[in-house]
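Generate the whole structure from the sequences, applying the supplied hints.
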Amino acid sequence: MSTQETTFEPLTTLTDRVAVLRGPNTDTDQIIPARFLKKDRAQGYGQFLFHDMRFSDDGGIRSHPLNTSEGEHPRILVVEENFGCGSSREGAVYALADYGVRVVVGTTFGDIFHNNCFKNGVLPVRLHPDDHARLMGVLAGPDALTQLTVSLEEGRIRWDDGDASFEVDAFWKECLMRGLDELSLTLSYRDQIDAFESRYRKDFPWFAPGA
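Sequential numbering of the sequence shown, starting at 148, is according to our numbering.
Hints in this document: simulated from the structure, not taken from any laboratory. Please note: incorrect hints may appear among the correct ones.
As the list claims (entries may be wrong) - List of simulated lysine-lysine pairs, DSSO-like, C-alpha gap at most 30 angstroms:
| # | residue 1 | residue 2 |
| --- | --- | --- |
| 1 | Lys266 | Lys320 |
| 2 | Lys266 | Lys186 |
| 3 | Lys185 | Lys266 |
Written as structure tokens, this is what we have:
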């Protein structure tokens with residue numbers, strides 16, 4: 148297998164701070180308002196994540212789970228059903244990734260948003276509604292947990308006295324664990340692809356005359 152530079156930080160097991168974003172049907176325009184999509188991506192979209200929900204028109208700070216006094220960005224978000232619905236804009240996932248989010252845990256996601264997450268190094272975890280309800284329970288109240296462990300390798304989320312399992316497509320699991328998008332993963336098999344093509348041209352020369 149060829150040596151291949153990673154596209155993003157490999158994800159196997161992550162133990163980190165968690166934030167809970169309540170409410171169903173959070174669309175991509177809420178995740179990043181459209182007017183910020185003209186900004187230079189090289190500067191990062193993280194500062195625009197949930198901008199209109201976190202900041203007022205005059206720049207004031209609203210009450211929001213991501214506006215914490217600790218200053219550390221949570222890398223795990225727990226959300227409610229149909230997160231990432233609406234427009235197919237990839238900028239929504241850019242904003243999450245640039246902010247530092249690596250895992251989004253919900254029950255259902257917008258289909259395109261779900262696929263865009265994998266392409267950009269963010270793991271979208273679909274939990275069974277019963278497991279999601281148990282998790283939301285331990286993340287609520289004055290004694291709520293502030294940290295979770297998500298093991299992509301094991302397909303499991305763990306907290307103090309509980310856990311829940313989840314499944315991820317094998318292809319995307321390999322991409323995330325190796326820190327590669329789908330193109331980079333394909334290129335990592337270049338040696339095998341070249342060897343196959345060489346054998347194919349030798350065995351079936353009439354399919355590639357003059358090659």
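We went through each hint and held it up to the structure:
1. Lys266 x Lys320: The given pair, whose Cα atoms are some 11 angstroms apart, holds under the 30 angstroms limit.
2. Lys266 x Lys186: 21 angstroms, holds
3. Lys185 x Lys266: Answer holds: lysine 185 to lysine 266 is near 21 angstroms, not above 30 angstroms.
Violation of the numbered hints given earlier is absent; every hint is satisfied by the structure.
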